[in-house]
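Asks: Chain F is already provided as a structure; the job is to place chain L on it using the hints.
Residue numbers (numbering that gives the first Met the number 0), protein chains in the order written: chain F, 0 to 312; chain L, 0 to 312.
Source of the hints: derived by calculation from the structure; they are not laboratory data. Computed from a prediction, not measured in an experiment: that's the story for all the values here. You may find that some hints are simply not true.
Copies of one chain are not kept apart here, so a pair can be met inside one copy or by any two copies together.
As the list claims (entries may be wrong) - Straight-line alpha carbon distances no greater than 30 Å define the calculated DSBU-like cross-link-like pairs of lysine-lysine that follow:
| # | residue 1 | residue 2 |
| --- | --- | --- |
| 1 | LYS263 | LYS128 |
| 2 | LYS263 | LYS154 |
| 3 | LYS279 | LYS294 |
| 4 | LYS263 | LYS243 |
| 5 | LYS12 | LYS279 |
| 6 | LYS128 | LYS243 |
| 7 | LYS154 | LYS12 |
| 8 | LYS154 | LYS50 |
| 9 | LYS289 | LYS263 |
| 10 | LYS294 | LYS70 |
| 11 | LYS50 | LYS289 |
| 12 | LYS128 | LYS154 |
| 13 | LYS27 | LYS132 |
| 14 | LYS263 | LYS294 |
Protein chains: 2
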Amino acid sequence: MSIAHSSFYNMLKVPEHQVAGHLAVDGKLGPLVDDSGRFYKPLQGDGRGNKELAFYESFSSDTRVPDHIRKYFPVCYGSQLLEASNGSGLLHHLVLQDIVSSHRNPSIMDVKIGSRTWYPEASDNYIQKCLEKDRRTTTVSLGFRIAGLQLYEGKESGYWRPGRKEVQSFTVYNVRSILRRFVSSNSSIGNENSDCSFAPSIYGGSAGILEQLLELKAWFEDQTIYHFHSCSLLIFFDKESVSKGSASVPEIKLIDFAHVVEGKGVIDHNFLGGLCSLIKFVSEVLSDSKESSIKDRVESEKPGICTDNGNCQ
Amino acid sequence: MSIAHSSFYNMLKVPEHQVAGHLAVDGKLGPLVDDSGRFYKPLQGDGRGNKELAFYESFSSDTRVPDHIRKYFPVCYGSQLLEASNGSGLLHHLVLQDIVSSHRNPSIMDVKIGSRTWYPEASDNYIQKCLEKDRRTTTVSLGFRIAGLQLYEGKESGYWRPGRKEVQSFTVYNVRSILRRFVSSNSSIGNENSDCSFAPSIYGGSAGILEQLLELKAWFEDQTIYHFHSCSLLIFFDKESVSKGSASVPEIKLIDFAHVVEGKGVIDHNFLGGLCSLIKFVSEVLSDSKESSIKDRVESEKPGICTDNGNCQ
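This is chain F alone, in the form it adopts within the complex:
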């Protein structure tokens, strides 16, 4: 752990692409980033911050975690004392990899996985609070909820960033259409007309989101080390690169580990069930997009209709 110098502190700024959680604006406490690709998350005082730090320490040294799974977690560089964004003075911050820093205009979804965000070890108060929110959102019905998002809609329109209240009111119908809009070239037009034209390159393919989700699923069917409560999958890609035909690999990272508990020899069935539900939704967008692209091709290859006088239309 080290103390940041004030010249270094001057370089810190509010993250441009944070879609959920507390924002470091209007004198509030929130995470900061620098230009070297690091993300500074204030350690919450109620023990959650230390729990998250302890998770990263345990995780990084646990040899039971396979290498191909580590890429789904941000790199952690320990903790550091920094001036807090709310002006309250020096505060411990978790130093993490700024996972979206290499993207110019990322479209991002923060998907909180699991049909419950609470866990038996928590206090009754905490359980009731979580349960109430889990029932109010799609957590119970879908096994996951969208906790925040930004969709890049192009140079002129910029981002679609629904507010916290709107996000918390998302229904199953909304979630389904957001998963379509996320990979559509015409997302700004409206939900109904989403063309899902990027679905094959973002959700599909050997390096696509679906394959990554399936790789995670295989691990969750087996791992009994951790139970990831109230943890999110951050799913992101650069739409502009895809539009221009450049190779852009969509990414998934697990984030938010303040409520991780030991698995004690039992799989994380809560996370796994929700993950399988998300996989089903993503698969459906992908197969719908394939079907409609086959339909389009068949339509365009149809021979013209010949009229009685021999003219073809």
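Replies: Same frame as chain F, but now just chain L:
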């Protein structure tokens, strides 16, 4: 629907192998069986009975359910008016296949699947009642709980049938050792010494419990027709046949459908998560038993240790 004649009624009796639910003894209401392999379950008056009947009717005619999945459900023969076992007069009964009737001394586990038995559509009272029991048992921690069981221990000892209170107090540790005892030849000796000698033939093999669970899992990853709340897997086999070396196919049936609701295009992530957790437990018993049998073989094939004087021990 038909009304049973009294001569027919006389043939009805209390099921010999019922391990959970209300028993038709001491003037109480419970299911009955006959000698032709039918199981008569009284329709509960609070609407649950009709919900279960409606499920069977919907399920039996739903062409989306694949044939290889139907074998995991009891056959339903509709409903019938019968004298209730508590002497209250004629009552509608669901007429089902008596799934264990062909077994002489079946070992049976009733495993209630899911990390919650409640569902959003239920009343707040019902939800709180279920939640409290889910937290008290292994439902929340394991994603399933053992709701009842009988283990056949041989001609002299008969069955081990723990009472309702004992079953409800099962911990994760108990569940793990019951899954071992279930496939052990020496189950009566005590938990610690379970030999798991039947694990390869009951849990393993192409027709074993594990393969059947995996077949169900594949369906649950895809099906969005039903959500099976508070539903059990009945797992059973005839230990005596296995001991004598006869081919005895272990069976799995899903039972208890009073709380099934429509899936509305979402997978049953609650059932699926619990099923995957059970699969992990069963796999572990199986791989432990394989390891110990390899170890035994290696031990027995070890060459004797030669002493200095050339004598081999």
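Asks: Please name the hints from earlier in the document that this structure breaks, with their numbers sorted from lowest to highest.
Replies: 2, 4, 5, 6, 8, 10, 11, 12
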